[in-house]
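Next come the chains, spelled out residue by residue.
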Amino acid sequence: MIGTVTVDARISDWVVQRVVRRVMGPLVPLTATVAALLVGAAMVWGFGGDPVEGYRAMFTGAFGGISEFADTTVKATPLLLVGVGICIAFRASVINIGGEGQIIAGALLSTVVVLALPDLHRGALLPLALIAGAVGGACMGFIPGVLKAYANVNEILSTIMLNIVAGYMMQYLLLGPMIDKEAVEAGNHIAQTKRLSPNSDLPILLGDTQMNLGIVIGAVVAIGAFFLLWRTSLGYEIRAVGGSKDASRYAGMKVERRIVQALTLSGMMSGLGGAVLVFSSVAHRLSVESGPAGFTQLAGFNGIVAALFGGLHPLWTIPAAILFGGLLVGANALQRAVQVATPLVVALSGLVVVFVVSSDRAVRWARHLGERFDIGASPEHDRTGSAASGGADAPTTPSGEGAEP
Amino acid sequence: MSAAPPLLEMRGITKRFPGVLANDAVDFNLEAGEVHTLLGENGAGKSTLMKILYGMYRAEAGEVFLRGQRVVIDSPSAAIEHGIGMIHQHFMLVPPLTVTENVALGLQSSRRPLTDLPTVANRIRELSETYGLRVNPDAPLWQLAVGERQRVEILKALYREATVLVMDEPTAVLTPQEVDELIVVLRRMAADGRGLVFISHKLHEVMAVSDRITVLRDGRVTGETTPANTDRAELARLMVGRPVQMVPDRPDVQPGEPLLEVTDLHVLSDRGDEAVAGMSFGVRAGEILGLAGVSGNGQSELAQAIAGLRPVQEGSVLIDGNDVTGQHPRRVRDAGLSYVPEERMRDGVIGMFSVAENLVLLNQGTEFSRRGFLRLGAMREHCRDLVERFAVKTPHIDVPTSNLSGGNIQKLILARELSAEPKVILAAQPTRGVDVGAAEYIHNRLVAQKAAGCATLLISEDLDEVLALSDRIGVMYEGRMMGVLDRAEATVERLGLWMAGVAGGAA
Chain F
0 MIGTVTVDAR
10 ISDWVVQRVV
20 RRVMGPLVPL
30 TATVAALLVG
40 AAMVWGFGGD
50 PVEGYRAMFT
60 GAFGGISEFA
70 DTTVKATPLL
80 LVGVGICIAF
90 RASVINIGGE
100 GQIIAGALLS
110 TVVVLALPDL
120 HRGALLPLAL
130 IAGAVGGACM
140 GFIPGVLKAY
150 ANVNEILSTI
160 MLNIVAGYMM
170 QYLLLGPMID
180 KEAVEAGNHI
190 AQTKRLSPNS
200 DLPILLGDTQ
210 MNLGIVIGAV
220 VAIGAFFLLW
230 RTSLGYEIRA
240 VGGSKDASRY
250 AGMKVERRIV
260 QALTLSGMMS
270 GLGGAVLVFS
280 SVAHRLSVES
290 GPAGFTQLAG
300 FNGIVAALFG
310 GLHPLWTIPA
320 AILFGGLLVG
330 ANALQRAVQV
340 ATPLVVALSG
350 LVVVFVVSSD
360 RAVRWARHLG
370 ERFDIGASPE
380 HDRTGSAASG
390 GADAPTTPSG
400 EGAEP
Chain D
0 MSAAPPLLEM
10 RGITKRFPGV
20 LANDAVDFNL
30 EAGEVHTLLG
40 ENGAGKSTLM
50 KILYGMYRAE
60 AGEVFLRGQR
70 VVIDSPSAAI
80 EHGIGMIHQH
90 FMLVPPLTVT
100 ENVALGLQSS
110 RRPLTDLPTV
120 ANRIRELSET
130 YGLRVNPDAP
140 LWQLAVGERQ
150 RVEILKALYR
160 EATVLVMDEP
170 TAVLTPQEVD
180 ELIVVLRRMA
190 ADGRGLVFIS
200 HKLHEVMAVS
210 DRITVLRDGR
220 VTGETTPANT
230 DRAELARLMV
240 GRPVQMVPDR
250 PDVQPGEPLL
260 EVTDLHVLSD
270 RGDEAVAGMS
280 FGVRAGEILG
290 LAGVSGNGQS
300 ELAQAIAGLR
310 PVQEGSVLID
320 GNDVTGQHPR
330 RVRDAGLSYV
340 PEERMRDGVI
350 GMFSVAENLV
360 LLNQGTEFSR
370 RGFLRLGAMR
380 EHCRDLVERF
390 AVKTPHIDVP
400 TSNLSGGNIQ
410 KLILARELSA
420 EPKVILAAQP
430 TRGVDVGAAE
440 YIHNRLVAQK
450 AAGCATLLIS
460 EDLDEVLALS
470 DRIGVMYEGR
480 MMGVLDRAEA
490 TVERLGLWMA
500 GVAGGAA
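Going down the list, the protein sequences come from chains F and D. FYI, the numbering for the first sequence is 0 to 404, going by numbering that gives the first Met the number 0. FYI, the numbering for the second sequence is 0 to 506, going by numbering that gives the first Met the number 0.
Hints may be right or wrong, so weigh each one.
Computed from the model, here is a short list of chain F residues facing chain D with C-beta under 8 Å [to be verified]:
1. G45
2. F46
3. T59
4. A239
5. D245
6. A246
7. Y249
Because the hints were derived from the structure by calculation, they are not lab data. Even for Gly, the Cβ is constructed at its ideal location relative to N, Cα and C.
Between the sequences and the hints, there should be enough to build the whole structure, so can you do that?
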């Protein structure tokens, strides 16, 4: 037999890779988080706070009890929904930075539906409103998708710009046609709707807490996205287009259509997140009193981080979103406990992002070092010219390729 | 010892990677003034040995001697200090910089901290004069063709006064003419007392350029010989470990109906000029039409236009009588075309997909899905069967395709394309960068397909391949068909003239 040695080498190489991926996969972002928290501790200490006390408050605030954990799930829900959408887009090699705009579009359309049909039965109104949210977000994703697929417009730029368009549109609508007219008559000119029909409230799952149906919707959507990507022909083609447009086109796929679908689906998830944000809000209304970002809580951006944290795998994005939700909830507790400035909390989550995103590079660097000093080096591949190129434009996946759980 | 020690001697080099012995007590020596070829299949350990020499890997055992002195080379910079130069398969050059700047890169200038580029440029001119390495020192690198870039790499090594020069598959990127030129340059450098290590698996080049040949297989030296004392068949046997059939048996098949008809085809290149300027030909059932020609004469554009990947300006493409001109690739496939693309990693497979996923690239949406859901069980069964039938060497069908060797990726593509039961096969450079064993296999498969009644268009720059497989041979030059000959009438001389654009003979 020719090349048996090579095959043995590749088997062992592959087994090593698989084990490394299984064990190291979740370990890498966790290590990165710990590293970020250590740097954060130095910052807390520099501002005159006690890091140990601060972090204890943070952990207790996020995961210390049922009500704390419930808050965490509420924060995690929009991150999860946006993150799942990001997984779909990034698998198609489409970078969707338009989560903010898609959340807003979903929130607006679902609110319009509820305002128009306030007396519809709960069993019909809530699903209808959620669908409207998904449709709103989908439209917002469809536009940059078409521009990207048929006019080669860079989707990063178009999605970011549409965030701004959506933000102003929301402010216009909430100060104008959708404003709470009773409040205006009472002299309060606030950019928000009236209290929405109680038939559209997302049911609370746990007695006195804020935990609502949203997190379940998020988990179901994540599982659905997993099935879509790895169990359906459409998902296969979306991933194929992400892997190589040329090979996909040559195999007879409709590449442009898949790009549009990936961005539309991605927007749909964010739009659903927007609807969930509205119907699970404490005030039960859509409000931009403190600006568009006050409504979205920047979930459109943080969701990207959650997805990267989860290795762009919808199922891993579930724990990743909960971890990030916890970080956001806990950060407030930290701030209260050690009395440090609010920006520090923002800086802390920023640090985590930087560490997680750069951990991919760190892993590669460590592997390279290992090769130089023969610690678990991978065997020579001795590949030919054309075999070495390709797949270069695949998005960065911090915790590896995460094919199937 | 009476004789002078060799320029370079590597003794008992052993290098182990997890699960594989890449070099097993390899002895290798190089005399000044010789071109010594390291021959072997992909993964035989040639590159590992040279990477050890260049300080990129550390050997577990073995010693390296330069002119009889034991040396320890633990980094590429140490290798350069010892006068060892390496020309990698993938060039290490900076496109926006000029040739001179690229050569000077990383060296200390005599006028530190200022640069001294005119001196460098003059030395480059001298060197290119001496060795016949034509290149303009002031040209920015991105303007240069692949062959010229390689000359810059060689100049870089010469500028650093390398006495031992390692060239890792230098001919893989060159046209036949450029290969001939390179061989002249190599001979000249050797005549100057340098020692050259030439890594290749192309047997005719090895026979043409080498003073000595060392063959590696599975990390061990299986033979050392000289071109005078061997032939290609023996070298192939040493590489593969069994006799290799260099030319497949060509069954006599009576050609049938024309299945592929191309009429007055005009196609533009990416730059917008006419790459295919009125090609007409037909391929009949049970026939292989070989299309030879130097690369860049419109072959890629022709193949893409037939496959529906590039718009057609004028003319028509008929597959089994169906007009598929300018149709979506899907329609062309449905009409009966299978395509083995030239850029296999870009067009043929999706690198990050598993072997199984790539095997169903064409039919996952039809044969292997039910109501939009993939039939994973049926898919896997089908893939295991194909991997078996087409001898794709992979540990598992879930391995990422980019982990496979070039030859095995090509077999994977062949498995997928041929199992679609095509009427017409379009094979573009099917064995480029593929090792001897896999090439033999691919050739036999294509011949078997011909016996099954397929019409095959074989586009290849490898004239030996075209001559070995084809029933008729055409030559493409500047987008036109110079002429078509029956295999019996075709000679290398006649085809060579056509490839150079000299008309004459049968049309």
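- [ ] Go through the numbered hints given earlier and state which of them the structure violates, listing their numbers in rising order.
- [x] When the structure is compared with the hints, numbers 1, 2 and 3 turn out to be violated.
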